[in-house]
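Please model the complete structure; the sequences and the hints are all you need to start from.
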Amino acid sequence: MSNALVPLPVVLPLFAAGIKLAIGPRLARTQRGITVGVLALIVVIAAVLVHQTDAHGPQTMRPGGWPVPIAVVLVVDRLSALILLISSVITLAVVVYAIGQGSADKDEATPLAVFHPAYLALVAGVSDAFVAGDLFNLYVGFEILLTASYVLITLGGTGARVRAGMTYIVVSLVSSMIFLIAVGLCYAATGTLTMAQLAGRLDALPDGVRLILQLTLLVAFGIKAAVFPLSAWLPDSYPTTPAPVTAVFAGLLTKVGVYAMIRIQTLLFPGDRLGTLLLVAAALTMLIGVLGAVAQTDIKRMLSFTLVSHIGYMVFGVGLATVAGLAGAIFYVAHHITVQTTLFLVTGLIERRGGSTSLTRLGGLARVAPALAVLFFVPAMNLAGIPPLSGFLGKLGLIQAGIAAGTAGAYAMVGVALLTSLLTLYAICWVWNRAFWGERRQVPEPGQVIEGRRGIGGTAITAAVPPPAMTGPAWALVAFATAFTVAAGPMVDYTRRAAAELLARAPYIAAVLPS
Amino acid sequence: MGVLLAVLAHAVAAVAGPWVVRRCGVRGFWWLALVPAAVTVWAAVAAPGVIEGRPVVWAAGWIPEYGVSLALRMDVLGLLMVFVVAGVGALVLGYCARYFAGTPHRGLGGFAGVFVAFAGAMLGLVLADDLILLYVFWELTTVFSYLLIGFHAEERNSRRAAITAIIVTTSGGLAMLGGFVLLGAAAGTYRISAILAAPPAGGTVPVALALVLVGALSKSALVPFHFWLPGAMAAPTPVSAYLHAAAMVKAGVYLIARLSPAFADVAPWRPVVVAAGIATMVVGAWRALRRNDLKLMLAFGTVSQLGFLCVLLGYGTRAAALAGLAMTMAHAAFKAALFMVVGVIDHATGTRDLRRLSGLRRAMPATCAVAALAAASMAGLPPLIGFVGKEAAFLALTGDPVALGGVLAGSALTVAYSARFLWGAFGAKEGHAPTEVAHPPGAAFLAPAGLLAAAGLALGAGAPALNAFTAAYVGRYPPGPHDEPLALWHGLTVPLAESALVIAAGALLFRRWRSVPAFRFPLDAEHGYRVIMRGVDRAADQATRFTQRGSLPVYLRSILLALLLLPGGALVSGGPWPHDVRPWQVPAEPAVVALVCAAALAAVLQPRRLGAVVCAGVAGTGTATLYVLYGAPDLGLTQFLTETVTLVAFVLVLRRLPARFGERQVAGIRVVNALFAVAAGLVVAGVALAAVSVRTAVPESALYPQAAERAGGTNIVNIALVDLRAWDTMGESAVLLVAAVGVVGLIYGRRRPTLPRVGDATGPVWAIPGAPRIEEPEAVRDAATWLRGAETLSPERRSILFEVAARLLFHPMLVLSAYLLFSGHGSPGGGFAAGLVTGLALTMRYLAGGRYELAEALPLGPGVCQGIGLAVVAGIGLAGLAISGEVLRQAVLDARLPLLGEVHFTTSTIFDAGVYLVVVGVVLDILRAMGAELDRRVEREHEEVATA
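Chains as they are written, first to last, in the numbering used here: chain A, 1 to 515; chain B, 1 to 948.
Some clues are possibly wrong.
Stated by the list, open to error - Partner residues are not named here, just some residues of chain A that face chain B (Cβ under 10 Å, in silico):
1) R62
2) G125
3) C186
4) T216
5) W233
These are computed hints drawn from the structure, not numbers from a lab.
We treat Cβ as the ideally placed atom computed from N, Cα and C, and that holds for glycine.
In structure tokens:
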């Protein structure tokens, strides 16, 4: 069924990016309006798609109107619709925050010339990855979002950002190359790249070749999703970027990798042949990641390590390859996108208010800025999986799935997941103890320049009570995550249906290839 | 509905708390106390029905797929706990109003909010009828208590105690969560009442129960988790009175009481509960006896009593359960009262150290009376409820020498420290002047403690009434030999003798407490905890140092290693090896491949950047040749043009970089890297061979010629790009554009330059610093102007020949690019190649005429070109969507026009024009940034050097 909404989350931001580049640095207010308007429209589109996929099954679009497999096909099923919705909400919140930060730093030229177009391209790329029904187009989606991320990570061109960007860009290029090789191999072996068609043709391949293809794709996506031992690049490259950029990276980019893993593990390579490998990787990712978080003395780095660690939860669900496991992974993706984004945005606020993100320099913030303390505490506890917040619900789903699976490996994973949860709480409490409690440190006077930190365009950041345009989006995201708890019933229900749809494969294939 | 409202009212009060306290000051606590007070009254009204066996229930769905519901249920056990939680809660909140009076506390509003939130969570915990919901409230109490313990946040001790409490109780809590899920899976439901009605057995149930007990023991501070509780005394005294006497620490006891009727006889339950309980009771009381801080003495006393309660409520007989309930009530009343008394003393005298207190009996007689009443109940003296409970306990444990012996010993120690508490707080000490009482407590300050102490007396007197009250709960246990109702006087029985013995022994111990050895237990749990946490920290440091090297080559090696081990391993172990491999298709192929390989190798070995760039260019050109050999002239053309533009870009940038690469890595590492690279190449080649060899299906490209015909063209490469896979092209246009925007942004930094026009030219462009100035020959100056911009160049940089050639070739190149753009549908070409040709034409103008010539050639900003290009590409997509409902749907128009005759036009040409604009914009961007902008900087630096 051709659905005109499917391509819009990709085309609209690209169109807007083109218009904005053509306008140049003029009409700042209009331009901000365009960006916010387009992203808000995508939220609405994604919400409608969630409803439509749930009511009528996967929605498709064939660009150019060519029959499959000649054309690229775009497909939105329950999984992509949900992730599209979550990601569009957070991209909207982050851009409002970034605009607020730009105004606060009196730094608007660079954002308009570079940040906005690159950000819109990033959104288009992320959306394209989620709607791609063709393996090469999935690669293109990754390329768009990665290229945009290369630009965003080096924004302003400060020394630290270029150094961190170097690691990020080279690792990403290598992963893209591995992905591209895998795409070529798939085409070589099957003569198609349409995933619905690949599904059938891969089944018919000799086992050895299937395994090679699966492993190559998993390595490529494992790098993007930051699965141990392919994860070390992440904590080295994320913390130097401006808060809104780190926030959107942390929220979205790794999750695109997880999404791709879910897609290939269910549609292209069904069954749990590599389940054990994934479970081992998940366990190592959780533990090594969270140990890294415990060892940090900087909030941004600590959060980057928890980001890696909690990717393990999602891989755990994928590795189980059951409806409950996948549903848990999907729920966790939605949760984790939201909570990580929120926390990085709040860290930006902490930096602005407290003059630093280092635990050796912060102290007593709870008394100085009680509202900021609440704004940190709620998502931080959510990350630590404290009930009834969404992190707990995701964890509960995975634990149930692990126990229902009943294998020794699954039981061990449940233990690892609980231990990781505890250590996350430990890391979070240390941050709280030292930054929000602790001896009152001198917070910088409003207007004082914060050393070593740079805004979006590389300008100096001055300390200030953050304006509502920056705190507003953070509060909105906290409320959004809270909505997961309130609507947990329908949402878990939806993720179960999404997982069942993935494992059944037939609805997806039938939507793309009507017999 | 009432149960729900009871919890919700607390939630509302918690949110309003900060506001109320900020508005009314400490008086706000009175208003907040109304909420738990109202709940207590409501529970009292509902009590008759509950006692008769009609629990108050309310349930709603929450997460049906998880089997989790919002089920609340108040039965007799719940009712009793509601009285403890809400009743004591109301009194403690009232006490807060005086405790915090006079001393300005920042953050008191937040404290009030968290305190009420805690009370609400505790209430939810004892009312939850769903294991998961119970866990939700359980963890909430942990988190809120963390915040309350750390109230004095500037003190290091408070913070440490808070984190210890949350980590210890959460580690137990998480184990318990695992146990709950196992139990729920075994029972098929999380509904507690349903599980108790039909308890699951066998399989994973013993494991589940063990895990649940870990949670309960950690929460109730039983050995070996007991150490967090004395530390938590860093909290303000109302918190200790509530959380660490009446409420939170009772959670574990409550859970044991809740599950015992069904599971007391299942494997690990009774032995674990009795062993941990007895050990805790004795250890706690022992350590309480030697404390000098009154609050710490009570804290260890609490630990001890919690052990006692666990033994009774987990024992699993009617008599023990009855005694347990009586002791639960007794403990809530006397311990909260005693904590409050300590707070009163602390306020009045400024100390809680019994070595500094003397003679308070005379100075604070009312306080002393309250404390004496409460302590008597703690010691188990008649006619208080503590006595009734203990009697019942001795009776219930008759026949179990271990449990009975432990409880008797613990009770004797309890008598001793109760006496020592009273003596220490109020007694007159020899050689010690009476302590000065700065602020004698008012009636309102003492009233909450007084009420609780009096409750102990009332409950003792009214003990027989408790039998009916608890019947519905106690009746769940099988009848046993010791089922006697609660009463003050049973006659001359063995338990009475035991009571007398305990009191006598306790009195003796008190008299001679100094001779009680300060026994240090060989297994110090707190020490163990610190060792574990230090181990975690050390493991964290080491693991992170090992995995997080901060070195890009290490990360790349680990990625390649994954590639070698996983797909490579699969290839070696089971990959199909192709049997008929043709080494090449065209004889020229091996020669070109050898060239590419050699160029790639040379690029790596080059010590100079320029050399490396040239070698890479050779490799790229070789690849382009391979495309041509395979019959793909379009790809070949595009690749050749790309290589050319790239080379120009590189050369422009290299001006600003050192000629040689930086320090090379040591030889050993280079060998390792080379091995990795070669191995990765071999694996990729191998898997490619394997993949190609298994294809049986017809590739989709076989459908392209036919599709191209329908699209109105013959060049399938171009048609794939602008029509069949136009979606990908749109994306790749964005990639190209964004990359250019980013690179250029890095060069410009925050400065956005304006378009440099010839009129703005200041000095001679590209002048060689230090070189003697050459006068332009007259003939040159008077000659016709071929390029206006060239006149801005420094004379020694001008080449008339180049200027003429550039002038003459520029327009033919534009015509060529237009041809490529429009002919793409039928023959090699297309928007991308066309854009590169235009870009090369612009490059030529720049190289011949300098940066001001660029604006002469194309007076447009690159952003405009790129932006319009991308907007056209995406706009065609939107137009197709709007007109035909399919994004990027292209239309073919065949028309007869005057003069032009037959015109064959496809909208994909417009799409291709968009791509063209993007490419032109990108090249222009590169020329402006890496050419013009760097020129400007080089010249400025030279000027600065010259002026300096």
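**Prompt:** For this structure, which hints from the list above don't hold up?
**Reply:** As far as the earlier hints go, not one is violated by this structure.
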